[in-house]
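Fit chain B to the known structure of chain A by using the hints.
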Amino acid sequence: MLSALEPSSEILHPDYTSFIPARTRRRMTDGLKMAAVCAKDCLAQIGLEQPDAIAVGTSMGCSLFTKKFLKKIVSFEGGLLSPTSFMLSTHNTIAGQISLLLGNHQYNMTHTQNTLSFEHALLDGMMHIEEGQNNVLVGAADEREEELYNIKERLHNQDVILTCGASFFILSSHASKTNPIKLVDVKSLGLVENVKLKVLQLLKANDWLAKDIDLILYASSHQTTKKELSELFEVGQLFDYQRVSGLYFTNSAFALNYATDILSRGKHPVEAKSVKKILICNNIIPENLGLMLLEHC
Amino acid sequence: MELFVTGIGVMTAIGNTVAENFHSLKVARTGIQRSAKLGLMLGEVSFSNEEIIEKLGLTKIDYSRTTLLGMLAAKEAWGKNEHKEEIATGLISATSAGGMDRIEKYFAQAHHEGMDTSRRMTYENGRTTEGIAKELGIKGYIGTISTACSSGANAIMHGARLIQSGRLDRVLVGGVDPLVDYNIKGFSSLGIYAEGICTPFDQNRKGLNLGEGAAFLVLESAASLSITGNKPLCLLSGWDNSTDAFHQTASSADGKGATLAMKHALKKAKLLAKDISYVNVHGTGTQNNDLSESAALRNVFGHKMPPFSSTKSFTGHTLAAAGAIEAVYCILSLRSNAIFPSLNFSTPIKATGLIPATSFREKVEVKHALTNAFGFGGNCTCLIFSKKM
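From first to last, the protein sequence lines stand for chains A and B. Just so you know, we're using our numbering here: the first sequence kicks off at 1 and counts up by one. Just so you know, we're using our numbering here: the second sequence kicks off at 1 and counts up by one.
Here chain A stands alone, though its shape is the one from the complex (with noise of 0.2 angstroms):
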């Protein structure tokens, strides 16, 4: 088991060198450097040089650059400005870059949508697989900034801890020999009311019972998701993902990659049970939910 973040906590940094050439990463904030490595490592796991579409979800996008230059404006008195940070600061920078370090000329979306950034990525890629596609490339990243935004009043003074992360994924038209993991389903709501509801509907239309799901990874920033999705489930199956991936807009992105860990080992995190299906309840602000549906197969 992953062990809780702590306020000491450090971000882990991989060896850049071996995945971003020099040029370009000399010109990266961490964040487009974390999405970058992911995204390669990724495709390296399986061999594969290019997916057959990108998509990405991201709350801030490049917000270091954002602010960067919009510093620049507010003290610029004439003279030359310098557009690198503006042109780093678009919210597809992210998904542009991967593009430019792979060649990649297919589809490349990015989609914004606060905490549900990476839920509309990872339906997105979802669709095109259904479209037909063999390989797509999903993931999210947003940036550790406390400055520019106020996520955490946003989200209610949490007591978790601000950070920042990528995690990438490929989904496949088939099933991986070594590690055949299924994204049953992914569901993105907003202005939803009554989560429980939403979570039942979900369930039913997959054919999926509340008994059978061996866990359910949640992230709250209220004591109502909690109450309610101990209605459904019992308590011991609720693992509230954010202990260990710290508060950041697209952190579900983080619960999936947990969850494929999970699901890969078997074992459930804390207790001595085997886990086959997982449901990811992604309800940080209270009226926005995200739900993905994952199975060992």
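Derived by calculation from the structure, the hints in this document are not laboratory data. Treat the hints with care, since some could be wrong.
[Claimed, not checked] Straight-line alpha carbon distances no greater than 27 angstroms define the calculated DSSO-like cross-link-like pairs of lysine-lysine that follow: (1) A/K71 <-> B/K80; (2) B/K105 <-> A/K72; (3) B/K60 <-> B/K80.
[Claimed, not checked] Cβ pair distances, simulated, as ranges: (4) B/D62 <-> A/V270: 43 to 49 angstroms; (5) B/P232 <-> A/S176: 39 to 45 angstroms; (6) B/G39 <-> A/R26: 33 to 39 angstroms; (7) A/R26 <-> B/E362: 43 to 49 angstroms.
[Said to hold, decoys possible] Examples of chain A residues lying across from chain B (beta carbon under 10 angstroms, computed): (8) I11; (9) L12; (10) M87; (11) G103; (12) Q133.
Ideal Cβ placement from N, Cα and C applies to all residues, glycine included.
Quick look at chain B alone, frame taken from chain A:
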């Protein structure tokens, strides 16, 4: 599966409604003017935030201009549609600025007064879309796309795919961007902001002028139509997004991404290049875009280029809204059998020799209209709208 367009709404520097936009396109009246405040050529929407708040009868007043412009255009498109349990309805908007207009005010205040107001800031794009959804009472799939200047076209494409996949029956799709200092300074810093009025596809073009606006479309499946009884305006028949993978902000000389997007969209629509009656080009008026796009147009249409125009000479470049605004203009072209002019054109680009339509033409049979939208990150999108046969 057929995808029906049953509602449109638009507001730009040339009008606050579909009818006003059509009239300005017809009489060749640009909305780009020199701003007294900034000294730059801008395409500003005539309504102030206060006027929009009053028109919509809003009680909350601290909305971003992005949300406000979006609400008005979305309401025009939505029209008399009603919410029904059996019609799965969604909203997909596109924006690049998000709540930037409000952040800029805070940032300037913080800088000038040495105050730390920065912690109160947010420019989450998604919140502007949620504001529009709340105003229209749409719940469920509420999404925002942000791929710079192709965002609006991508929102339309994404809505189409959600209907095609069976996840939605009806979706309001579009894009919105207000004029913000951030983008004005940004495009100026790139050296591509024209001092005078933009002259798309002209050999002597000097860059773009920014504009603001919003546009929304209602897309429906046949099943949705049978319940709503809405009359289709036309079909969304083809779409594609492809990537140039050449440079973060510049387009390739051979227009690879744009060529792929147009070819794939034609294939999706089961059409040939010769079937296209009108092209609303991306045509920003920058040296790089117009040269790259004309190379792509030559790749796709060869020497049989259909009538085309850049309506950015009317509205300015409205960034994330552009793809949606120009989609509405394509629908107007189909509906009225009209070709809209490109303004300020005099000399063809030497390398490609393409000549846009320069006057308003009626009584032209427009069966299929194609529109391009390209953005930073080499993001290239093409949409095709067709008359319902």
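Here is how each hint holds up against the structure:
For the proposed pair A/K71 and B/K80, the alpha carbon gap of about 45 angstroms is over 27 angstroms, so the pair is violated. In summary, the hint linking B/K105 to A/K72 is supported, as the alpha carbons are separated by about 14 angstroms, within the 27 angstroms threshold. With a CA separation close to 24 angstroms, the supplied pair B/K60 and B/K80 stays within the 27 angstroms bound. Checking the proposed 43 to 49 angstroms range against B/D62 and A/V270 shows it holds: the Cβ atoms sit about 44 angstroms from each other.
Separation of B/P232 from A/S176 is about 43 angstroms and conforms to the stated range, judged on CB atoms against 39 to 45 angstroms. At about 36 angstroms, the beta-carbon gap between B/G39 and A/R26 stays in the expected band of 33 to 39 angstroms. Here the CB-CB span from A/R26 to B/E362 is close to 55 angstroms, at odds with the stated 43 to 49 angstroms. Interface hint at A/I11: violated, since its Cβ lies 21 angstroms from the closest Cβ of chain B, which is beyond the 10 angstroms cut-off.
Interface hint status for A/L12: violated, as the beta-carbon distance to the closest one in chain B is roughly 27 angstroms, over 10 angstroms. A hinted interface residue such as A/M87 counts as satisfied when its beta carbon comes closer than 10 angstroms to some beta carbon of chain B; here the least separation is about 5 angstroms, so the hint holds. Because the beta carbon of A/G103 sits about 5 angstroms from the nearest beta carbon in chain B, less than 10 angstroms, this interface hint is met. For the restraint placing A/Q133 at the interface with chain B, the shortest Cβ-Cβ distance is roughly 12 angstroms, beyond the 10 angstroms limit, so the hint is violated.
Figure legend: structure checked against the earlier numbered hints; hints not met, in rising order: 1, 7, 8, 9, 12.
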